[in-house]
Amino acid sequence: MGWLVLAILFFLILLPLAAVIIQVLLPGVFFGQWNTGDLSLLLDVFTRPLWLASLKNSLYLGVGTTVFATALGCALAIVRSRWSFQTARLLDLAVWVLLITPSFILAQGWVMFAAADGLANAWLGWTWITSLVFSPEGLVVVMSLSKFPLAYLAIASALEWKVDRLGEAARLCGSSLWTVWRTVELPLLLPAICSGALLVFMDTIGDFGLPASIAAVFRFPTLPYSIYSALYTSPIRFDMAGVLSFYLVLLIVAAMSIQFYVMRKARFDVLSFRATRQERKTTKRGSMWLNIGCISFLLVVIGIPFGANLLMSISDTSSMDQGLQGLTLRHYEELFANGEALLDGLLHSLGIAATAGIIGLIVGFFVAYVLTYSPFKYRRAVDVISLVSLAVPGVVLGIGYIFVWNQRWLEPIGLLLYGTPWILALASVAGAIPIITRVIVGAMAKVPGQLLAAAQMQGASFVQRVRWILLPLIRGALVAAGLSAFGSSVFDLAATSILFPPDFMTLPVFINKAFEDLKFAYAAASTLMGGGLVVLIIVIVELLFQPKKWKAGRDHA
Amino acid sequence: MNKKNRKPKWSVLTLLVSTSLLFAGCGQGSTTPAASGTDKAGNQPAASTTTGSAPTKEDKSKGEPLVVYLNDFDEIIGPMFEKETGYKVKLVSGNGAEIMSRIEAEKGNPHWDVVWMDAMPSIHKLGKDGQLLEGWTPNNAAGLTDFAAKLVPANKTYYPTGAHAAGVIIANTKQLPADKAPKSWNDLVKPEFQNMVGMADPAVAAPAYPFVAWFFQQEGMDKGKAYFDLLLQNGARVYPKNPNVAKALTGGEIKLAALQESNAYTLKNKKEPVEIIWPEEGAPASVRVAGIQKDTKNVEAAKAFIDFILDPKVQQQLIDQGEESYFEPSAKGAVAKKDRAANAKLVVADPEWASEHEAEIKQWFADKAVK
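Read top to bottom, the protein sequences are chains U and G.
Residue 42 in this note's numbering is what sits at position 42 of the first sequence, and the numbering runs on without skipping anything.
Residue 296 in this note's numbering is what sits at position 296 of the second sequence, and the numbering runs on without skipping anything.
These aren't lab readings, by the way, just hints derived from the structure by calculation.
Misleading hints may appear alongside valid ones.
What the hints assert, rightly or not - Derived, one-sided and incomplete: chain U residues facing chain G with beta-carbon distance under 8 Å:
no.: 1; residue: R48
no.: 2; residue: P49
no.: 3; residue: L473
no.: 4; residue: P502
Stated by the list, open to error - Quick list of simulated restraints, FRET-style, between CB atoms:
no.: 5; chain 1: G; residue 1: W353; chain 2: U; residue 2: E340; range: 29 to 37 Å
no.: 6; chain 1: U; residue 1: D344; chain 2: G; residue 2: L230; range: 44 to 52 Å
no.: 7; chain 1: G; residue 1: G235; chain 2: U; residue 2: G293; range: 38 to 46 Å
no.: 8; chain 1: G; residue 1: E323; chain 2: U; residue 2: G307; range: 45 to 53 Å
no.: 9; chain 1: U; residue 1: D344; chain 2: G; residue 2: E323; range: 17 to 25 Å
no.: 10; chain 1: U; residue 1: L543; chain 2: G; residue 2: E275; range: 54 to 62 Å
no.: 11; chain 1: U; residue 1: I295; chain 2: G; residue 2: Q194; range: 25 to 33 Å
no.: 12; chain 1: G; residue 1: Q194; chain 2: U; residue 2: S296; range: 39 to 47 Å
no.: 13; chain 1: U; residue 1: E333; chain 2: G; residue 2: E75; range: 43 to 51 Å
no.: 14; chain 1: G; residue 1: K268; chain 2: U; residue 2: N291; range: 45 to 53 Å
no.: 15; chain 1: G; residue 1: L230; chain 2: U; residue 2: R330; range: 51 to 59 Å
no.: 16; chain 1: G; residue 1: Q363; chain 2: U; residue 2: R467; range: 54 to 62 Å
no.: 17; chain 1: U; residue 1: W289; chain 2: G; residue 2: N269; range: 13 to 21 Å
no.: 18; chain 1: G; residue 1: G220; chain 2: U; residue 2: G351; range: 53 to 61 Å
Glycine included, C-beta positions come from ideal geometry on N, C-alpha and C.
Start from the sequences, fold in the hints, and give me the full structure.
So, in structure tokens, the structure goes:
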């Protein structure tokens, strides 16, 4: 099975990426030309000012965001799993919303809030916000506030089950609660924390939308920005994009090596028959503080970007200085009047995302299984490839997909996927695999292989083992993974903008077109409508699959 | 156990490697001559056969739909064309950069028949590389204005349908009253306009390159660099694209901008407090041109499309109903929008020069922006 998984990942992710990188060595090889490229381009990163600045900035942004976002996500996950408070479910909802919202929407919201004419200045008079947000440090903070859900989800899934015996044994030996938490429970969370941190790092260095939008106000070129420039500037230079992608991949490999080094000697599979579901405690006074803290946090993290978008969608002009007189609902009216195009795009996107979610869940499950339980020799390779697509900008993957799947000889065997909606589904699966895999791995890490081996010795087949032992234990993680893949695929702009077939509009392309046509309010309105619908679907599916979690929450709260 | 594992390992590895070679190598075997770059002579494409020979409307709709890559007017041109000629058409619309990138990536197996964009230097390059159909004159070419007729290249690979200003001067009148605003491009480097100016990045925004190309061509590379150096030293800010510039202008971050005509008139029509100034030297223009793919299987429909968009009635309809309605039409008889400045002077950079120096100039701007 390891080989099957490796082959699938190779076709989905590695081949398109290699197709772009190989442009450095053999430009035009996919067009039937055989000439060697200019290898000195590889070292140009140290001489070209734009490229060097991009590399440094990407590194700074990546490391800074990883540290903050992981710490934030970890703290939130632990608080959420240990204590129950009334606004806890709001936090869950907020995390989902942040995860599926495309970074350019969040960025637009922050810009509307913190710009010189934005909400902060016009309505609240906080002139210090502008210089605070529009600086490299401010960018790290804004990125962390948008990327922490990745770490939060990875760690929260692992916190679903706990084994009290270990902690109790430590207490019997005399350690305090704090020592128990510090030396027993926290280290056991390490794989989940590392997974989360790696996800955040990957997503940050591959993110184009957020730094680019905020950096419209001050220059902060990143590697994805330079790749975008190489791909979207005539004369198109695929080999330059290849070089920059190569350096991006190098950053990824470096990050992964650090993770492997940190986790090399540990064993984390401690779930045994004595494992119990984490139960949430309530404290009277603590509850109030937790609620206050949660609400204020959500006000910043969700309130700012979405509130700004909301206000933008109901305001008449694009500057905020008219105050309450400038409010209008006409953009929403326009939306319903032209509803057909938006609905078309929405349905197409939902269809692609649902397909991608299901296929991605199946592939991701097998990848996670191979990573956790199989003695396959090339697990490292599977690990690396499954993460790579998160860090590689969607644009690069998109171009790679065109190279690979636009070959003439594929047509007679019916595999000329470019030009059909299937290529979008494929690209979305590739983009969703990292999140799915990591969320499931984080949960699977706690289920020891011995459980499955014991069942196997009793005669259970693979399907039976998965169905009766593994799936129930990681059900929460599976639902979370599938829904996060669905949500993020709906709004994937980068890949769909380059791959969409004729007359097959997708939602993010529709919204982006509105932005580019200067119809900011209309774009904000369609985003909120489309996003609202997706959130609704996610909530319904969660209710269907995890009614116990919701009921339990209600009993405790 | 080890021996059993070794055999599948090698076979699967070779399978993976050979598959990738197959993807790369087979591209070579079956691509048509159009993909092999600059060799123009003697490459008569066998694939460009005509579809139906009987030009009745019913026959036309039975063929494959015409695929057009464009960056504007996608909202009306499809139904307009189908109604008039009976050919079915499929549109792929994106911004200029996305479309060019798509065309370039599809080089081994193009999916498009007609490209229609306001990116004349880029399409000129396509023509030079032998990717466009050459030497065909549409019937309506006789009806081109003098300004437009000069823009048709010698190898007749594309035809212009309209030109609009890639940059006009626009002022935020709330921050800078109209009488104090600059009247020419040379005014922008004056100290009284320090830290007030914004423009789009030629390395990112499609219309921004034709804008700067004119300056460089007029003054020569060195003087052009000197001008923009002065402008940047005077505190001018460079934004990725024109919508970003527009937002910065209305937000008060900048008081003046070199903004694309369509964005500028959109702001004006939204009753934003702005004033448009057509500079004395003239506004560098971005020309919208259309060309046919060399090996298209839909030659009849493609030619019909080009003739269609060169028709003055069609251009008038685009002006009256289209979203990018502020442009100077290329067909005699079509009249530009009434509130567009009557004496709008457009100047065009030579596309041959512009496409030759494109990489150099864009790289210069990209590196400048970092410092």
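Evaluation of the provided hints:
Among the interface hints, the one on R48/U holds; its C-beta lies about 7 Å from the nearest C-beta in chain G, closer than the 8 Å criterion. Hint status for P49/U: holds, given a least beta-carbon distance of 5 Å to chain G, under 8 Å. Hint status for L473/U relative to chain G: violated, with the closest Cβ pair at about 30 Å, above 8 Å. With a least beta-carbon distance of about 4 Å to chain G, the hint placing P502/U at the interface is held under the 8 Å criterion.
Taking 29 to 37 Å as the suggested C-beta distance range, the pair W353/G and E340/U does not conform, at roughly 45 Å. Evaluation of the 44 to 52 Å hint for D344/U and L230/G yields a pass: the beta carbon distance comes to about 49 Å. Taken as a hint, the range 38 to 46 Å holds for the pair G235/G and G293/U, whose Cβ atoms sit roughly 43 Å apart. As the Cβ distance of E323/G to G307/U is approximately 30 Å, the hint placing it in 45 to 53 Å is violated.
Separation of D344/U from E323/G is about 18 Å and conforms to the stated range, judged on CB atoms against 17 to 25 Å. At about 55 Å, the beta-carbon gap between L543/U and E275/G stays in the expected band of 54 to 62 Å. Range check, I295/U to Q194/G: about 45 Å between beta-carbon atoms, so the 25 to 33 Å window is missed. Checked against the given bound of 39 to 47 Å, the beta carbons of Q194/G and S296/U, roughly 42 Å apart, stay inside it.
Taking the beta carbon of each, E333/U and E75/G are about 19 Å apart, not inside 43 to 51 Å as hinted. Restraint check, K268/G to N291/U: a C-beta distance of roughly 49 Å satisfies the suggested window 45 to 53 Å. Hint check: L230/G to R330/U, Cβ distance near 44 Å, so the stated range 51 to 59 Å is violated. Judged by the Cβ atoms, the range 54 to 62 Å given for Q363/G and R467/U holds: they are separated by roughly 58 Å.
Taken as a hint, the range 13 to 21 Å is violated for the pair W289/U and N269/G, whose Cβ atoms sit roughly 52 Å apart. Take G220/G and G351/U: their Cβ atoms lie about 55 Å apart, and the range 53 to 61 Å holds.
Violated hints, listed in ascending order, are 3, 5, 8, 11, 13, 15 and 17; each of the other numbered hints is respected by the structure.
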